[in-house]
Structures are given as structure tokens and as C-alpha cells.
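Asks: In order, the protein sequence lines correspond to chains Z and U. Just so we're aligned, residue 1 is where the first sequence starts under our numbering, counting upward by one. Just so we're aligned, residue 315 is where the second sequence starts under our numbering, counting upward by one.
Careful: at least some of the hints might be erroneous.
[Said to hold, decoys possible] According to the in silico footprint, chain U covers these stretches of chain Z (three or more CB under 8 Å from chain U):
#1 92-99
#2 103-111
#3 130-140
#4 230-239
[To be verified] Heads up, simulated EDC-like pairs for lysine to aspartate or glutamate below, C-alpha to C-alpha not over 20 Å straight-line:
#5 Z:Lys304 <-> U:Asp398
#6 U:Lys560 <-> Z:Asp256
#7 U:Lys548 <-> Z:Asp285
#8 Z:Lys284 <-> U:Asp398
#9 Z:Lys200 <-> U:Glu558
#10 U:Lys548 <-> Z:Asp236
#11 U:Lys536 <-> Z:Glu143
#12 U:Lys560 <-> Z:Asp222
#13 U:Lys560 <-> Z:Glu70
#14 Z:Lys311 <-> U:Glu554
#15 U:Lys319 <-> U:Glu407
#16 U:Lys548 <-> Z:Glu299
#17 U:Lys548 <-> Z:Glu143
#18 U:Lys462 <-> Z:Asp236
#19 Z:Lys311 <-> U:Glu553
#20 U:Lys536 <-> Z:Glu123
#21 U:Lys560 <-> Z:Glu308
#22 Z:Lys311 <-> U:Glu558
#23 U:Lys536 <-> Z:Asp236
#24 U:Lys548 <-> Z:Asp301
What the hints contain is simulated information worked out from the structure, not anything from laboratory work. No residue lacks a Cβ here, since even glycine has one placed at the ideal position from N, Cα and C.
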Amino acid sequence: MARVLVFGELGSKGLNSGVAKAVRCAMDLQPAALDVLCLVADESQEGIKQAARLQGVTKVLVRIHDAFAEPLAAVMGNALVEMAGDYTHILAANTTVGRDILPRVAARLGVQQISDIMRVESERVFDRPTYAGNAITTVEAPEGMVVVATVRTASYRAVPEEGDAVVEAQPFNVSPPSHTRFVERREAKGERPDLQTARKVVSGGRAVGSSENFQIIANLADRLGAAVGASRAAVDAGYAPNELQVGQTGKIIAPDLYVAIGISGAIQHLAGIKDAGTIVAINKDGEAPIFEIADLGLEGDLFKVIPELEKLLP
Amino acid sequence: MSDMKIMVGVKRVIDYNVRVQVKSDGSGVVTDGVKMSINPFDEIALEEALRLKEAGKAAEVIAVSVGPSQAQEQLRTALAMGADRGILVTTAEQPQPLAVAKIFAALYAKEQPGLVILGKQAIDDDAGQVPQMLAGLLDVAQATNASKVELEGESARVTREIDTGIEVIEIRLPAVLSVDLRLNEPRYVKLPDIMKAKKKPIETIDAQALGVERLTFLRVIKTSTPPARQGGHKVGSVEELVQELKQRGFV
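Bound-form chain Z, shown alone:
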């Protein structure tokens, strides 16, 4: 029987939304135990209670040390390595934090990590995407070795917060390496829904033309109660910040509604939206590849279409 440890990533907004999705993936292993590990400097972290409410969780293990104030891979990785002995599987959501830490853990445990699990076939057999999602590779982990894997959050729904798991907190002894020091983090603040979890997303591409014009995309998103996204071209050109990039190397998302405005639809971008419910494309170029996969397409100049759209929205 599987015994699964899920990395309980915490951030400035509490428990990372990917954790509830990684727990859903862990449930597919039909585990005998499903523990969430929260590494904290401060026991009063709100995210701990949230982790305990996740359905399916057996225990929330809280380990406390000042060095856990920031998610440095070398520090947290060493803690995960120490905890690994009791488990058959170690999972983390495929966030930038999870992807930073987990391969380090796998290497130190001497195992090959599985990146971006999108389906569990059995305790040792998993599907994962390759080639920007244009191929799916089915892999089997060897017997007798711990499975270390990240979970493709766009493939899983969050488990509901209906559980009541035991929280077991204790100090943890680590000797943090002196080679890495956290300096600062600059996060966008705002009331907009989070791109990774939003039900609706409005994204702008190169055709938006400038960072000033990008406000048009943001305004439409606000009208729809949507998060804002961007194509790589728009981010490269400086129209939108990096954390808004959707695609193979940016965020892979699965909103119910995705509105792509002035985005041509390179395969690298499509890789980020394959699991969206309804895709709407607005583009001047009727031949743009985005129209091949869009559920609803509208050919037209975004600078004319958006004002008209805003007028007609209830």
C-alpha cells in the first residue's frame, strides 16, 4: 500500500492552490497514508489549518525551523530527504517552488524524478506530457524505490476542504547551507483572481502592442471577473510581467473560459491551455492557428472588438 507525502507549499497567501490538486493525484494511488508536510518558521501560518481541511489527508506534519521562512531548495530539499524514509511516494505540485526543490530531492535519494504527472495508472505507472504536450509518455518507476514526482496541476481538480486531519507539529533540526541567501521577493499585489486557479482568464498577445494598451485586456478581465494572462511574445516585449505568461514554459492552466486576444496560437502557447473548458479567440488574422482549436472565434481588430464587447456585456 502506498504511503504518500505531499509537499505542503506555503506562500504569502497561505497554502498554495496546487497542494489540493496534488492531494487529488495522491488519492488516485489509494494510499494507506497521505500526509502533507508543511515546513515553516512560524507555527501560526494560516496555510497549516487549510492543509488539515483537505479531504483525504491523514496527517499534516509541521516542521519548524527559522531557515524555513523562505522556500530555498537547498534547505527544504534536505528536510524532504530526511523525511523520505517513511514513504513510498513524494509528491509536489509543479509550481516554480515544487520544480525547484523536488529534482534536488530525487537526486539526493538517487532516484529519477517523474515530472508533471497527468494521470495515475497504478502505484508505479504514470502518464506525463512531453514535447509541449504534443505527446504523452507512459512511464513505470522501478520497484523498491521511492517515487518522487511533480503533479501537473492543470490535470487535477482541487479536493474539497471538508477534512479534519491531525496536525502534528515539532521543531526540526536542520543545518542550513551557507551558500544560499534569500534577498527579496517582488509579487504583484491586486484584487484580481489568481491566474493558476481562476475560472475565467483573459489573455493578450503581441497584437496588443504596448504595456499601456495591455490595460484594455486587464479592464475586460475585470468586467468578466477573470484573471489576466499573456503570451510569451507579450511578456518578451515587456507588455506584461513574467508571472502572467501562459504556455509550455509559463503557466499551464485549465480555466472554464479562456479568452485569447491578439494571440496567434503558437504550439508553445497552446500547450498551456489545452485543458481549458471553452476557448474564445479574437484575432485580426483569420488564418491564425488559434482558430483551429478555439471553440468560438471572432475575426476582428481587438481595438474595435473589445469596446463593443464591453458595451454589450450585461
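Chain Z is already provided as a structure; the job is to place chain U on it using the hints.
Replies: Then chain U, alone, in the frame of chain Z:
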């Protein structure tokens, strides 16, 4: 540390403009007659190493490729871009990331670079593991998804792209960096550089000679094509679009 060596990884992958096709027998993807290139993230890694050298902060840039003998081509391109020499580590089969990390660790022991700069992921297997694994095996600092690198003596201040924005960390060398898209724009190779690169040395070593016997750990059962998304239809006007969005309950 102006006598510092920088090691960069250069992976041979299917060019990013190619529409990849899965083989009908499920054994992989079609590579016959398909254009191959340097993994785009690795080009950015190499560009960063070259700029550090040009700024007088490093003495030598070594490009390393792990894979088939044809990866010579990608190493030649790397040399034409400006790398000083190449190392081709040949493997009998496609190595998985842990094996690649072990190969780099063995080369690290031999070459003693101050920095290893790698792409944050390869666009073929999209695993994104080798840099972190290498740092873990060497027990040195790692800075992934770098979008700015400021090297000062024995330490580096690295700006990283993260899900929520930007993070800055300071690391002590030796260290492993993985690079993101916005770090730099790689230079184009000019014809005279291609000619010059022909004289630069490429050393070929077999992975076994570096003590790395095992190349794969996971058994690849099959490769398949994901279900295709069915396209919908175009609407003729904004009114029609709003109508459809209403019907679907989005507005």
C-alpha cells in the same frame, strides 16, 4: 575569479518550429528527416556564459553535450557562437535526467568550473530536472529560472522568475544556474565564426568512462498522441459572441 571556467549544457533536440509527430507503434516520436537544433534554453545559457567571459569575469567557456554522436553538430554551433571547446559525452541510449546530472557531476570533478549554466528545461522531454539534480549531487547552490545574473567575485546575485513574480537570491560559487527566457537574447552565428569553430577542439568521451553506467531508471512503456481538441466555429459579430457566452453561462 577571472580564471574561472564556465560549463554549459547543449542538448540536441527537435527544432522548436517542428510539429512533433508520435510514431504509430507508440515507440516514440518521428525524428527521421526532422530538423534538429540546440535546445533554445541552452542557447540562452551559452549566451550568458559568453557575456560573462566577454566582461572579463570568466576565462573559458566549455560546451557539453550528452547524447548521440550527431550532437557534434550542436557543439559546432556552440563553438561558432563563441564557446572555447566542446565535450561530447556519448551514450548508448537516450539518458534520463539523473544520468545526465551524474555525467555533468563527473565532468565537474574533472574541470572544476566555477559555474555550470544550463537551460531550465529541454523542449523535448520537458522534465526540467538536470540543473537541480546536479546542484543536489554536488551539494552546491542552485539558482533556477534566472532572468538576471550579477556576478561579483565569489558570489552571484540572481533574479529568478517565479509563479508570483520575481525573487532575488544570493549564492556563493561554485553553483549551478538554470536560465529562463528573459535572461538574454542569444547572438546569431556569423559565417567567419563557423569557419573558426572548425579548428576548435571537441573531446569525445563515453559515459561509461566517466563512471556512469546506468542511463535509464524509468521504463518508458509507450508514447501516445493526446486527444485532439475539436475546434468550434467562428461567429460573425460581437453580438453573436456575447450571445454564445451567455448561453454557456459565462456572462
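Asks: So, for every hint listed, does it hold in this structure?
Replies: Status of the hints after comparison with the structure:
1. 92-99: n = 4 at 8 Å, threshold three: holds.
2. 103-111: It holds, with 8 qualifying residues against the three required.
3. 130-140: Coverage by chain U holds here, the residue count being 11 at a Cβ distance below 8 Å.
4. 230-239: With 3 residues closer than 8 Å to chain U, the region 230-239 of chain Z meets the three-residue bar; holds.
5. Z:Lys304 <-> U:Asp398: Distance ~53 Å between lysine 304 (chain Z) and aspartate 398 (chain U) Cα, so the pair is violated.
6. U:Lys560 <-> Z:Asp256: 14 Å, holds
7. U:Lys548 <-> Z:Asp285: Satisfied, since the Cα-Cα distance of roughly 13 Å is no more than 20 Å.
8. Z:Lys284 <-> U:Asp398: The given pair, whose Cα atoms are some 47 Å apart, is violated under the 20 Å limit.
9. Z:Lys200 <-> U:Glu558: Holds, because 15 Å separates the two Cα atoms, which is no more than 20 Å.
10. U:Lys548 <-> Z:Asp236: Given pair lysine 548 (chain U), aspartate 236 (chain Z) is violated - Cα atoms ~29 Å apart, limit 20 Å.
11. U:Lys536 <-> Z:Glu143: 19 Å, holds
12. U:Lys560 <-> Z:Asp222: 17 Å, holds
13. U:Lys560 <-> Z:Glu70: With Cα atoms ~44 Å apart, lysine 560 (chain U) and glutamate 70 (chain Z) exceed 20 Å; violated.
14. Z:Lys311 <-> U:Glu554: 13 Å, holds
15. U:Lys319 <-> U:Glu407: 29 Å, violated
16. U:Lys548 <-> Z:Glu299: 8 Å, holds
17. U:Lys548 <-> Z:Glu143: 51 Å, violated
18. U:Lys462 <-> Z:Asp236: 14 Å, holds
19. Z:Lys311 <-> U:Glu553: Satisfied, since the Cα-Cα distance of roughly 10 Å is no more than 20 Å.
20. U:Lys536 <-> Z:Glu123: Given that 20 Å is the threshold and the Cα spacing comes to 17 Å, the pair holds.
21. U:Lys560 <-> Z:Glu308: Within the cut-off at roughly 16 Å; holds.
22. Z:Lys311 <-> U:Glu558: 16 Å, holds
23. U:Lys536 <-> Z:Asp236: The given pair, whose Cα atoms are some 36 Å apart, is violated under the 20 Å limit.
24. U:Lys548 <-> Z:Asp301: 15 Å, holds
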